[in-house]
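Participant: Sequence:
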Amino acid sequence: MFHKILKVIVPLSLLLLQACSDNSDISSTEQENTNAGTTESSKTYFTDEGYEIGQCQPVFYGLKIFVPEENAFYICANNNRWIKVRVNDDYEEPASSSSTWVEEFPVDSVHIIIDTLPYSSSSAVCDLYWNSDYDDYIYAYPNDKANNDSASHRLADGGVFLNILQGGSYSVRFQKGSDTIAPELSLYHYSTYTTTIQAQDSIDYWYFPINAENLKSSDFYKTRLHNKDCSFYKEPTKGFLFEGSGKYSSHFNINLIVIGKYMGTSDKASETTLAETIKARMNEALNNGGVFVDKITVLHAHEHELHGQMFPEDSAYVLPYGRVFANYSLLEKWNGHENALNLMLGYYIDRPNILGFAPRFGGHLDASIPNYSYVVLGTHNRVTGKPTAQSSNDIAETAVHEAGHFLGLRHTSSSKNDMEGDLDKSNVEDGLEDTPYCAKVNTSENIDNCPDRRNIIFPYSSDKTERTYSGEQVEQIRKNLTLMVH
Numbered sequence: 000m001f002h003k004i005l006k007v008i009v010p011l012s013l014l015l016l017q018a019c020s021d022n023s024d025i026s027s028t029e030q031e032n033t034n035a036g037t038t039e040s041s042k043t044y045f046t047d048e049g050y051e052i053g054q055c056q057p058v059f060y061g062l063k064i065f066v067p068e069e070n071a072f073y074i075c076a077n078n079n080r081w082i083k084v085r086v087n088d089d090y091e092e093p094a095s096s097s098s099t100w101v102e103e104f105p106v107d108s109v110h111i112i113i114d115t116l117p118y119s120s121s122s123a124v125c126d127l128y129w130n131s132d133y134d135d136y137i138y139a140y141p142n143d144k145a146n147n148d149s150a151s152h153r154l155a156d157g158g159v160f161l162n163i164l165q166g167g168s169y170s171v172r173f174q175k176g177s178d179t180i181a182p183e184l185s186l187y188h189y190s191t192y193t194t195t196i197q198a199q200d201s202i203d204y205w206y207f208p209i210n211a212e213n214l215k216s217s218d219f220y221k222t223r224l225h226n227k228d229c230s231f232y233k234e235p236t237k238g239f240l241f242e243g244s245g246k247y248s249s250h251f252n253i254n255l256i257v258i259g260k261y262m263g264t265s266d267k268a269s270e271t272t273l274a275e276t277i278k279a280r281m282n283e284a285l286n287n288g289g290v291f292v293d294k295i296t297v298l299h300a301h302e303h304e305l306h307g308q309m310f311p312e313d314s315a316y317v318l319p320y321g322r323v324f325a326n327y328s329l330l331e332k333w334n335g336h337e338n339a340l341n342l343m344l345g346y347y348i349d350r351p352n353i354l355g356f357a358p359r360f361g362g363h364l365d366a367s368i369p370n371y372s373y374v375v376l377g378t379h380n381r382v383t384g385k386p387t388a389q390s391s392n393d394i395a396e397t398a399v400h401e402a403g404h405f406l407g408l409r410h411t412s413s414s415k416n417d418m419e420g421d422l423d424k425s426n427v428e429d430g431l432e433d434t435p436y437c438a439k440v441n442t443s444e445n446i447d448n449c450p451d452r453r454n455i456i457f458p459y460s461s462d463k464t465e466r467t468y469s470g471e472q473v474e475q476i477r478k479n480l481t482l483m484v485h
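First residue of the sequence shown? That's 0 in numbering that gives the first Met the number 0, and the numbers climb one at a time after it.
In short, the hints are calculated from the structure, not lab data.
Using N, Cα and C, we set each Cβ at its ideal position, and we do this for glycine too.
Pair ranges (Cβ atoms, derived):
#1 Lys-144 - Glu-444: 25 to 33 Å
#2 Arg-350 - Lys-463: 24 to 32 Å
#3 Cys-229 - Asp-200: 19 to 27 Å
#4 Tyr-206 - Ser-230: 20 to 28 Å
Pairs of lysine to aspartate or glutamate residues, derived as DMTMM-like cross-links and limited to a Cα-Cα distance of at most 25 Å, are as follows:
#5 Lys-233 - Asp-200
#6 Lys-463 - Asp-393
#7 Lys-332 - Asp-218
#8 Lys-278 - Glu-465
#9 Lys-267 - Asp-393
#10 Lys-294 - Glu-465
#11 Lys-215 - Glu-337
#12 Lys-144 - Glu-242
#13 Lys-144 - Asp-433
#14 Lys-260 - Glu-312
#15 Lys-415 - Asp-447
#16 Lys-332 - Glu-270
#17 Lys-424 - Glu-242
#18 Lys-294 - Glu-304
#19 Lys-439 - Asp-148
#20 Lys-478 - Glu-465
#21 Lys-246 - Asp-218
#22 Lys-267 - Asp-349
#23 Lys-144 - Asp-203
#24 Lys-260 - Glu-270
#25 Lys-424 - Asp-447
#26 Lys-246 - Asp-365
#27 Lys-332 - Asp-313
#28 Lys-237 - Asp-178
#29 Lys-439 - Asp-462
#30 Lys-294 - Glu-275
#31 Lys-415 - Asp-148
#32 Lys-260 - Glu-275
#33 Lys-439 - Asp-423
#34 Lys-215 - Glu-242
#35 Lys-439 - Glu-465
#36 Lys-332 - Asp-293
#37 Lys-144 - Glu-474
#38 Lys-144 - Asp-423
#39 Lys-478 - Asp-293
#40 Lys-294 - Glu-270
Build out the structure end to end from the sequences listed, making use of the hints.
Facilitator: If you want it as structure tokens, here you go:
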């Protein structure tokens, strides 16, 4: 039996450009600098305003810089001086010694004047990075109960990025080691020290409550676990768990955004009929946990007030796979239709056998913060040759699966791609007790007898899918919805 693949896009690793020296490593992020001043000839003026050195501040912190003619470079602050470092052009390998150079400036300068470079690059950033043994990032999402051994291991020295939304109440915990002295947890928003949290004793765990009301924005915050003297916490950090809950409703709305010409379904369902089928199927799947879709609205991309001309209504729109190559983010914000889960519906996805994709924990239903806040679906599926139309029920089934990912659910049994995306082979399943795990998923054995084969979030589609999420899956969705502005 042929199994069509349902995949979830995990957050893409940020580009790594280790450039600064003095026994510290720097990696890049995509945070835009907001402190840039005016431009004059080949010089650009920047201030160090707003970048505070807090308790246990790592040696380096930095700013993202944009300069005239698309030149770019790093600025790193190292204790009492500023260092300027050129970036290599390919953005893939660390800058070699032959492509770096340094100039010093007083760190207390109000304005820093930097010459632009004669090398073309789009942008660069100097950001926190504490341990040269690690050249990638680990992300943690609230209420994820998978093993997350890599996050546990790197919590202290390598750092973990916590996805935190403003307004929520969060906590980080891990098992105690032999040390009875409580460590401290510092958070950094990109390169800026944010806060230090004192550990609370919770029997077998160290527990760190995080009040997101006090944070500057909804974003990823990097951890640093240390002792009171600022030295790294050396005890093992096993059993990492990151949890959160918020104040928002467990009810939500959906926008079905039709991109290009609507190509129909095998059962000849209209756009409105398809939308109502998706809504009904979602509410059926959620009916045992107090989560509910209140309304679904059909929107047409060609009518978007800013970007409609990019999506002509008389042309079928083939959906690029992955967010990097698409214009989906242009359609996230619709006046009068904010605060909803956006389902982008096109002809078919340009990778064989992919029925839909979404981020795991999309994070935002608030369209004022475009940030991969959507699910992508096709009316057709293409294996080889001409695409084949799907039924409205099949499309709704895919929508339920992908919306589950958007709202925080992992596949019940992880595929190899899932584990590679996590950078963690311990995450073989979702960590929920009422969703069994099947080791056959990553073998050549028949998966039809897997105990979780019929679960909505099993990684491959089935003709006999259960009608509802499991109880623990719905509870995880409910808690995550309360964190999302809507």
